[in-house]
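Based on the hints, put chain C in the right spot on chain G.
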Amino acid sequence: MGRISDDDINYIVDEVRDELGQLSSSRYRQVTRSEDSFIGWIRNQVYDIARSIGLIISAPFRAIWDAIRGFFDGLFR
Amino acid sequence: MDRFSQILIKHKRQFEQKLRQLLPDSTSEQRQLIIKRLSERKRAEEEKPPKIAIIGQAGAGKSSTINALFGTSLPVGHVGACTTEEAELRVEAQTVDGANGVITVFDMPGLGDDPDLDCAEYKQLYNQVLSECDVAVWVINAASRAMGYDKQMIRDVVAPSQDQLTSRLVIGLNQVDLMQPGSWFHRANLPSKSQKETIAKRLEYIIELFRDIVPGIDVSRIIPYSAMRGYHLEQLFEAMLNACDSDRAWVLYGRKSIEDFAATIDPDLLR
Numbered sequence: 001m002g003r004i005s006d007d008d009i010n011y012i013v014d015e016v017r018d019e020l021g022q023l024s025s026s027r028y029r030q031v032t033r034s035e036d037s038f039i040g041w042i043r044n045q046v047y048d049i050a051r052s053i054g055l056i057i058s059a060p061f062r063a064i065w066d067a068i069r070g071f072f073d074g075l076f077r
Numbered sequence: 001m002d003r004f005s006q007i008l009i010k011h012k013r014q015f016e017q018k019l020r021q022l023l024p025d026s027t028s029e030q031r032q033l034i035i036k037r038l039s040e041r042k043r044a045e046e047e048k049p050p051k052i053a054i055i056g057q058a059g060a061g062k063s064s065t066i067n068a069l070f071g072t073s074l075p076v077g078h079v080g081a082c083t084t085e086e087a088e089l090r091v092e093a094q095t096v097d098g099a100n101g102v103i104t105v106f107d108m109p110g111l112g113d114d115p116d117l118d119c120a121e122y123k124q125l126y127n128q129v130l131s132e133c134d135v136a137v138w139v140i141n142a143a144s145r146a147m148g149y150d151k152q153m154i155r156d157v158v159a160p161s162q163d164q165l166t167s168r169l170v171i172g173l174n175q176v177d178l179m180q181p182g183s184w185f186h187r188a189n190l191p192s193k194s195q196k197e198t199i200a201k202r203l204e205y206i207i208e209l210f211r212d213i214v215p216g217i218d219v220s221r222i223i224p225y226s227a228m229r230g231y232h233l234e235q236l237f238e239a240m241l242n243a244c245d246s247d248r249a250w251v252l253y254g255r256k257s258i259e260d261f262a263a264t265i266d267p268d269l270l271r
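Taken in order, these protein sequences are the chains called G and C.
Each residue of the first sequence is one higher than the one before, counting from 1 in the numbering used here.
Each residue of the second sequence is one higher than the one before, counting from 1 in the numbering used here.
Note that these hints are calculated values from the structure, not bench results.
For clarity, every value in this text was computed on a predicted model and none was experimentally measured.
Incorrect hints may appear among the rest.
As the list claims (entries may be wrong) - In silico EDC-like cross-links for lysine to aspartate or glutamate, where the CA-CA straight-line distance does not exceed 16 Å: (1) C/196 - G/48; (2) C/42 - G/7; (3) C/51 - C/97; (4) C/196 - G/14; (5) C/123 - C/156; (6) C/193 - G/35; (7) C/48 - C/132; (8) C/196 - G/19; (9) C/193 - G/48; (10) C/196 - G/18; (11) C/256 - C/47; (12) C/193 - G/19; (13) C/42 - C/212; (14) C/51 - C/132; (15) C/48 - C/97; (16) C/151 - C/208; (17) C/51 - C/245; (18) C/193 - G/6; (19) C/36 - G/48; (20) C/196 - G/35; (21) C/48 - C/259; (22) C/48 - C/247; (23) C/42 - G/15; (24) C/12 - C/29; (25) C/256 - G/35; (26) C/256 - G/8; (27) C/256 - C/132; (28) C/151 - C/212; (29) C/51 - C/259; (30) C/256 - C/46; (31) C/193 - G/15; (32) C/36 - C/2; (33) C/42 - C/97; (34) C/193 - G/7.
What the hints assert, rightly or not - Beta-carbon label-pair distances, calculated as ranges: (35) C/207 - G/4: 29 to 35 Å; (36) C/46 - G/6: 51 to 57 Å; (37) C/257 - G/22: 16 to 22 Å; (38) C/271 - G/24: 39 to 45 Å.
Idealized CB from N, CA, C, for every residue including glycine.
The shape of chain C in the complex, shown without the other chains:
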């Protein structure tokens, strides 16, 4: 029996008393029925995998990000099973086992991946998938100077739809460990002073870029991190929880599996 049901059984009387306060017109049978159904709904909700849309260019580190957050084993650079909702819309979706349960990943096609789709179709596709998702993570390779794809996607697909796409969006600047001057402190698993400055400048640039094109965007959800190093994954996950619908945040949280950052630091530095 799950913990929730155990608690409900153990505190059933008190629970029912509170329900009577809340629902003074209810009978005892009705209150017991509410407790029973609540328990059933909890189980059903837990069984629904959190749905995560992942957006970004090839090589940005989409799969490695999901793997680092949930303990999944998506092959890096994978091609997922294709599902076709409608003839002209194709989204690659995969339901994968994580360390704490299943999650569903929608691997969103990038603009231009399918030359037969025009911008309106991309927008429709993104709207459709993101409306079903708990959260969308847009992964950008922080070390790359090639921002053309991301700019075009923001301008043509995200900006015109405003809140529909932006409310669930988290932007991850991955691979900050590879940013110039490439002097990552491995023992502390942290950027060097000069690297930290480069990261800060890059973040500032990305914030301005997004804010200019999508004024409603929540810039606190733009997170520099490294999936490979396990750096700032907690901050990325926190941004995801904040982007997630309030009724589903606890389900998403239950699937979290992030390596303890302190374990990646040389113990001598922690003394």
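Only chain G is shown next, with the shape it has when bound in the complex:
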């Protein structure tokens, strides 16, 4: 195996740093999306179950959910 040039070493170091940065951002976005998806799933299920047991949704469901969603974020994140 030939000797790695200084240029190559600098390139590798920069690339490794860049890759690890991208990896970290990618994982963060995955977690965020997955958690948002789960909270959204709870909202949809609550709505669906409430209707299935005969409750009439009289209040502005979505607006109230948005106002209280922080509680669910806190519980499940």
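Quick look at chain C alone, frame taken from chain G:
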């Protein structure tokens, strides 16, 4: 008891208060029933395996991609159990144990695999299977110049159906580690400078190819990666989550099992 049920029990009172805000006409019994059913539905949803359709030519690395993402042990080049939905439609599907639970893989037949099927039947088959799937991964061998199959499939099957097929589609350019000039930096598990340029050009070509034929395609879901090296698997998985229905993304995420990329790099380079 699962974590979700534990949290519900621990915070039941607060949960019920929030439900009362949300559903002011509800009784206490109804709110308790909602909490109970929510817990049951969570368990049922978790037990439904994420369904993944995998498309691509033989040798593109379909099984190795699923194995690398979910810790499954699909034999590479496997032939799955055949299920016949209707006489003329055949899809190979397999439910396999992953590191974090079961997933179902639909191994989609390639155009021309069955000479008795015409293009309309392929389209029908793809529409049917993809409508049931959480996400579809189209695996292309990035190192291969033979794009005839993929072009024909895109033109004849994907393009005419527009959103039905494209909304859940992720395109993976696998085996980028084998691209010319073949100078992968093993210690850093990264492409060399010249290889990186080749990969970028290939990606550009594939993006143009898909965009020309399927204008609605989300090109951010075209990901160069290597299943064998564990390179850019997180980006591939992120694209899959983005393609997945919002209500199912958390279930898919729960099945993820990707080797830590940093563990594939020589520790000396991380100092």
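Right, here's what the structure says about each hint:
1. C/196 - G/48: Cα-Cα ~49 Å, so violated.
2. C/42 - G/7: The hint is violated at about 53 Å.
3. C/51 - C/97: Given that 16 Å is the threshold and the Cα spacing comes to 13 Å, the pair holds.
4. C/196 - G/14: Satisfied, since the Cα-Cα distance of roughly 13 Å is no more than 16 Å.
5. C/123 - C/156: holds, 8 Å
6. C/193 - G/35: Given that 16 Å is the threshold and the Cα spacing comes to 37 Å, the pair is violated.
7. C/48 - C/132: Since the Cα atoms of residue 48 of chain C and residue 132 of chain C sit roughly 12 Å apart, the hinted pair holds (cutoff 16 Å).
8. C/196 - G/19: holds, 13 Å
9. C/193 - G/48: Distance of about 53 Å is beyond 16 Å: violated.
10. C/196 - G/18: holds, 13 Å
11. C/256 - C/47: Distance of about 15 Å is within 16 Å: holds.
12. C/193 - G/19: holds, 14 Å
13. C/42 - C/212: violated, 42 Å
14. C/51 - C/132: Roughly 8 Å between the alpha carbons, so the hint for residue 51 of chain C and residue 132 of chain C holds.
15. C/48 - C/97: It holds: about 13 Å lies between the C-alpha atoms, which stays within 16 Å.
16. C/151 - C/208: holds, 12 Å
17. C/51 - C/245: Measuring from Cα to Cα gives roughly 12 Å; hence the hint holds.
18. C/193 - G/6: Given pair residue 193 of chain C, residue 6 of chain G holds - Cα atoms ~13 Å apart, limit 16 Å.
19. C/36 - G/48: Satisfied, since the Cα-Cα distance of roughly 14 Å is no more than 16 Å.
20. C/196 - G/35: violated, 34 Å
21. C/48 - C/259: With a Cα-Cα distance of about 24 Å, the restraint between residue 48 of chain C and residue 259 of chain C is violated, given a limit of 16 Å.
22. C/48 - C/247: Given pair residue 48 of chain C, residue 247 of chain C holds - Cα atoms ~13 Å apart, limit 16 Å.
23. C/42 - G/15: Outside the cut-off at roughly 41 Å; violated.
24. C/12 - C/29: holds, 13 Å
25. C/256 - G/35: holds, 14 Å
26. C/256 - G/8: violated, 34 Å
27. C/256 - C/132: Given pair residue 256 of chain C, residue 132 of chain C is violated - Cα atoms ~20 Å apart, limit 16 Å.
28. C/151 - C/212: holds, 11 Å
29. C/51 - C/259: violated, 21 Å
30. C/256 - C/46: holds, 13 Å
31. C/193 - G/15: Holds, at roughly 9 Å.
32. C/36 - C/2: Holds. Residue 36 of chain C to residue 2 of chain C sits at ~13 Å (cutoff 16 Å).
33. C/42 - C/97: The hint is violated at about 20 Å.
34. C/193 - G/7: holds, 10 Å
35. C/207 - G/4: 29 to 35 Å: holds, 32 Å
36. C/46 - G/6: 51 to 57 Å: holds, 52 Å
37. C/257 - G/22: 16 to 22 Å: Holds: the Cβ-Cβ distance is about 20 Å, inside 16 to 22 Å.
38. C/271 - G/24: 39 to 45 Å: At 18 Å between Cβs, range violated.
The structure shown violates the earlier hints numbered 1, 2, 6, 9, 13, 20, 21, 23, 26, 27, 29, 33, 38.
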